[in-house]
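Visitor: Okay, here's what each chain looks like letter by letter:
Number of protein chains: 6
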Amino acid sequence: MTGKKPQDSLVIMTELVLPNDTNTFGNLMGGRLMYWMDIASALAAMKHCGSPVVTASVDNISFESPIRLGNVVHIEAKVTRVFNTSMEVHLKVWGEDALQQYKYKSNEAYYTFVSLDPNGKPRSVPSLIPESEEEHKLFDGALRRRQLRLVLGGKMKPDDATELKAFFLKD
Amino acid sequence: MTGKKPQDSLVIMTELVLPNDTNTFGNLMGGRLMYWMDIASALAAMKHCGSPVVTASVDNISFESPIRLGNVVHIEAKVTRVFNTSMEVHLKVWGEDALQQYKYKSNEAYYTFVSLDPNGKPRSVPSLIPESEEEHKLFDGALRRRQLRLVLGGKMKPDDATELKAFFLKD
Amino acid sequence: MTGKKPQDSLVIMTELVLPNDTNTFGNLMGGRLMYWMDIASALAAMKHCGSPVVTASVDNISFESPIRLGNVVHIEAKVTRVFNTSMEVHLKVWGEDALQQYKYKSNEAYYTFVSLDPNGKPRSVPSLIPESEEEHKLFDGALRRRQLRLVLGGKMKPDDATELKAFFLKD
Amino acid sequence: MTGKKPQDSLVIMTELVLPNDTNTFGNLMGGRLMYWMDIASALAAMKHCGSPVVTASVDNISFESPIRLGNVVHIEAKVTRVFNTSMEVHLKVWGEDALQQYKYKSNEAYYTFVSLDPNGKPRSVPSLIPESEEEHKLFDGALRRRQLRLVLGGKMKPDDATELKAFFLKD
Amino acid sequence: MTGKKPQDSLVIMTELVLPNDTNTFGNLMGGRLMYWMDIASALAAMKHCGSPVVTASVDNISFESPIRLGNVVHIEAKVTRVFNTSMEVHLKVWGEDALQQYKYKSNEAYYTFVSLDPNGKPRSVPSLIPESEEEHKLFDGALRRRQLRLVLGGKMKPDDATELKAFFLKD
Amino acid sequence: MTGKKPQDSLVIMTELVLPNDTNTFGNLMGGRLMYWMDIASALAAMKHCGSPVVTASVDNISFESPIRLGNVVHIEAKVTRVFNTSMEVHLKVWGEDALQQYKYKSNEAYYTFVSLDPNGKPRSVPSLIPESEEEHKLFDGALRRRQLRLVLGGKMKPDDATELKAFFLKD
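Chains as they are written, first to last, in my numbering: chain A, 21 to 191; chain B, 21 to 191; chain C, 21 to 191; chain D, 21 to 191; chain E, 21 to 191; chain F, 21 to 191.
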């Protein structure tokens, strides 16, 4: 079985910020954005594995620039690495003020999904072969992020998280 | 100025999983849950600081048990620690199958909010005085989690994250 | 079979008033509030009987204080009394202006639900044993409210509504 | 100033029951129906008074026949009587199974609205002149229903509710 | 089998324009209106044929007057003509400013639906017998509109669209 | 002032078909799709002109293949031609069954938007310079489609619609 390319899983989503998506300051609520990001990344994961998927985890997300009412949200999602039955998906999010022709970075994130067979049990996922330099970098970092997830979830001892330790001890 | 108690910020939210909240397996979508969690924790933060707030970041979330269509979602949110103009909020989420009288843990999470003044600028937040043992534990861990956020956000060098390093190098 | 306590059925719901929930004055629409109240009380009824339920009736509701856009809605629902296959649920609703740290009574209401078996037929409900003074008062008043429902629904002659008549003729 | 006719305030609303409107039995949730009824009757009240209105109260509603997923909801709303700054609106609700060409009564209800001036203060409402026999009957009964609202809301002593007492003591 | 009357399929829909239905100018978005029009006309088609229907096509729609936030949308839909397994439905849309007691024409449109049997295959539709003068006019024009649909859909050569050609070459 | 390219206005939208978007056959409702298409094309128009826009008209849309619950909707929108203060936008819509890795054409459409100045009055739009062969073809056809809109809207006599007549009378 040959692997698939990250590019094959690319999902581009565009949404308009409507009144009900905003807080009293007229800015997009973080939870609403995470909802769209979940759908965009789930679709990327499904394109890669061709099976239904469930969200297994979401990594730290930091919201930089608020996105305003009436602005546009751009989301790009692409699978970065496969771990047997799970996939890590990388997301980039921009806001755009169409009237001012101004586009700005909002945040980046990593969502992880598990592929399911028709009985709802985890199922092997086709391998992924990164191509571009950025895809290789994302592929390499995925191991460290996975260790962080396992340590934070209490499923790995910090001492066994080799990649992660190296990251924190580099000077 | 005297500090406030975590208990004063407690928010209890109950939601019913409706068809549009579910994926094709009939399970609550992760993004929909994060949306509710964002509102519950934002309300807890607002109760503490008495100002509007914006979501600054969300820590790693790991989704354990899927919550089914027609089940109930219980969310409890409480401020754990204050960092000048920001607040960390801890969330516990359960699912409940009312027909089978069965309640199960879904996940835990930490959301961070920034308090805003009427011009939308960050504003000091009243201090927080933990009371129960669990509140003290959450208060203590908040420092390490904050360092992780800063390191992951590229705003702190791993080497300066003293608490975090101790965590990864312990034993 | 031993009875259950009202407290076991308690449901606490918290909602944020978003733009689409409001009329042109920026106040929560009554119908939107009744929608949330229906879900909160249905969940309380399901917790008591452990079966699916359908809304049978809603008693007079009087809306006192308008709840503003951006304010919080607090709903508490608890079963008050059981009538063979149906349950009366009492609701208390408050609004809260988190910025002004101000909480105010919005309204009280009674919803009645019928418990259903898997074929959709009415099904006996476990008995309810009130404990607190307030629970006893709600339990006692339930008979009079039920008579009012039956009279208004044309299913009981006013003359047979003993409790109700006593209420209207007391001086 | 001449009065207006009930017919001038008639609002006809038609809605389709979608998946998210239903409980796990596939029946329209009572709360969703009350939401639509609130909008239909508010529109009828606004047509009569030409001002914004707020829901003041809802009378007892009894849900007879469940309305199924995919069925149609028909709502008719018409002002029945005016009380200085408030209006009572009568609603009739039917379900319709378009595939079986079958239309069935769901319920009737009375909603009361207060008319507001631009400052949000109660404002006098044009008088209403009933025409048909049914309109006269609804007009006459409105007094008794109003007394019931006042008594239930603790704003009138049962003993002063002359019309209401006559109703309960008749024959 | 006797035919049915257009009047039997009449559907009257009334909707209130809420914040989330509007663009940044506070006007009803065209897409939201087309959504309501689709439901209203699908219900009219279902009333005529007594089977589920799917939207086959929508004719040119021109939006005349913007409908404002807080205004009311009135939609009337009625079957105009039957073509074996499909039905053309005519829609008229008005906006209404209840506060100014002012009602204005928004647009007209034609939606076409296909009737389906339980296997999802097209199914014959009862014939339609126009009665009023307007219904006859709509019935007659339906042939020309159908030719236009077929020509635009590449399913008929312009040269074979006799009615349509006559229309463009008249005078 | 130099013109802009169609490619600069490209908007790619991806949506997941959720339960509430479907009819009783589990297929995406036409009206829901037209709602998404309206937003996608409005965003394309706004990217081109840098001003708010309102939907002026929608051309004939023919729905070919139904899109199933759980499938993905792909929409691509691009400005085709400018007419002083208005823009025609071309849309292509595909459905995708991610599980079967199968993507299929759903329909094509043309939406027309008017650009508005801050007072809500029509405003001149930058010119458009088509580049690719397909863009030239869409640019050329836009004149004929515009004549059809004007004729159907009663704003142009069929006899004056030169391009359109040529189309219907060709060979």
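Hints in this document: simulated from the structure, not taken from any laboratory. Wrong hints could be hidden among the right ones.
Copies of the same chain look alike in the list, so a pair counts if it fits in one copy or across any two.
Distance condition first, Cα-Cα at most 30 Å in a straight line; then the derived DSSO-like pairs of lysine-lysine [stated by the list, open to error]:
| hint | residue 1 | residue 2 |
| --- | --- | --- |
| 1 | K141 | K175 |
| 2 | K141 | K185 |
| 3 | K67 | K185 |
| 4 | K141 | K123 |
| 5 | K177 | K24 |
| 6 | K177 | K25 |
| 7 | K123 | K177 |
| 8 | K125 | K175 |
| 9 | K112 | K175 |
| 10 | K67 | K112 |
| 11 | K185 | K123 |
| 12 | K175 | K123 |
| 13 | K177 | K67 |
| 14 | K123 | K112 |
| 15 | K125 | K177 |
| 16 | K67 | K175 |
| 17 | K157 | K112 |
Visitor: All the hints need checking, so say for each whether the structure fits it.
Guide: Checked hints:
Taking the shortest Cα distances, K141 and K175 sit within 30 Å of each other inside one copy (20 Å), while across copies they are farther apart (40 Å). Taking identical chains as interchangeable, the C-alpha atoms of K141 and K185 are never at most 30 Å apart, the minima being 32 Å within one chain and 37 Å between chains. In this assembly of identical chains, the alpha carbons of K67 and K185 never lie at most 30 Å apart, being 33 Å within a copy and 38 Å across copies at closest. In this homomeric assembly, K141 and K123 come within 30 Å of each other (Cα to Cα) only across copies, at 22 Å, whereas the closest approach inside a single copy is 41 Å.
For the homomeric pair K177 and K24, neither the shortest alpha-carbon distance inside one copy (32 Å) nor that between copies (35 Å) is at most 30 Å. Proximity of K177 and K25 under a CA criterion of 30 Å is satisfied in neither setting, with 32 Å inside one chain copy and 33 Å between copies. In this assembly of identical chains, the alpha carbons of K123 and K177 lie at most 30 Å apart only when taken from different copies (29 Å versus 42 Å within one copy). Only between protomers do K125 and K175 lie at most 30 Å apart by alpha-carbon distance; the minimum there is 17 Å, versus 33 Å within a single protomer.
Taking CA atoms no more than 30 Å apart as the test, K112 paired with K175 passes in both settings, with 28 Å inside one copy and 19 Å between copies. For a Cα distance limit of 30 Å, the shortest separation of K67 from K112 qualifies both inside one copy, at 18 Å, and across copies, at 20 Å. Taking CA atoms no more than 30 Å apart as the test, K185 paired with K123 passes in neither setting, with 36 Å inside one copy and 37 Å between copies. Taking the shortest Cα distances, K175 and K123 sit within 30 Å of each other only across copies (23 Å), while inside one copy they are farther apart (40 Å).
Taking the closest pair of Cα atoms, K177 and K67 never come within 30 Å of each other, the shortest separation being 33 Å inside a single copy and 37 Å across copies. Taking identical chains as interchangeable, the C-alpha atoms of K123 and K112 lie at most 30 Å apart whether they share a chain (13 Å) or sit on different chains (25 Å). In this assembly of identical chains, the alpha carbons of K125 and K177 lie at most 30 Å apart only when taken from different copies (22 Å versus 35 Å within one copy). In this homomeric assembly, K67 and K175 come within 30 Å of each other (Cα to Cα) only inside a single copy, at 28 Å, whereas the closest approach across copies is 34 Å.
In this assembly of identical chains, K157 and K112 lie within 30 Å of each other by CA distance solely inside one copy; the values are 15 Å within and 34 Å between copies.
In this structure, the earlier hints numbered 2, 3, 5, 6, 11 and 13 are contradicted, and the remaining ones agree with it.
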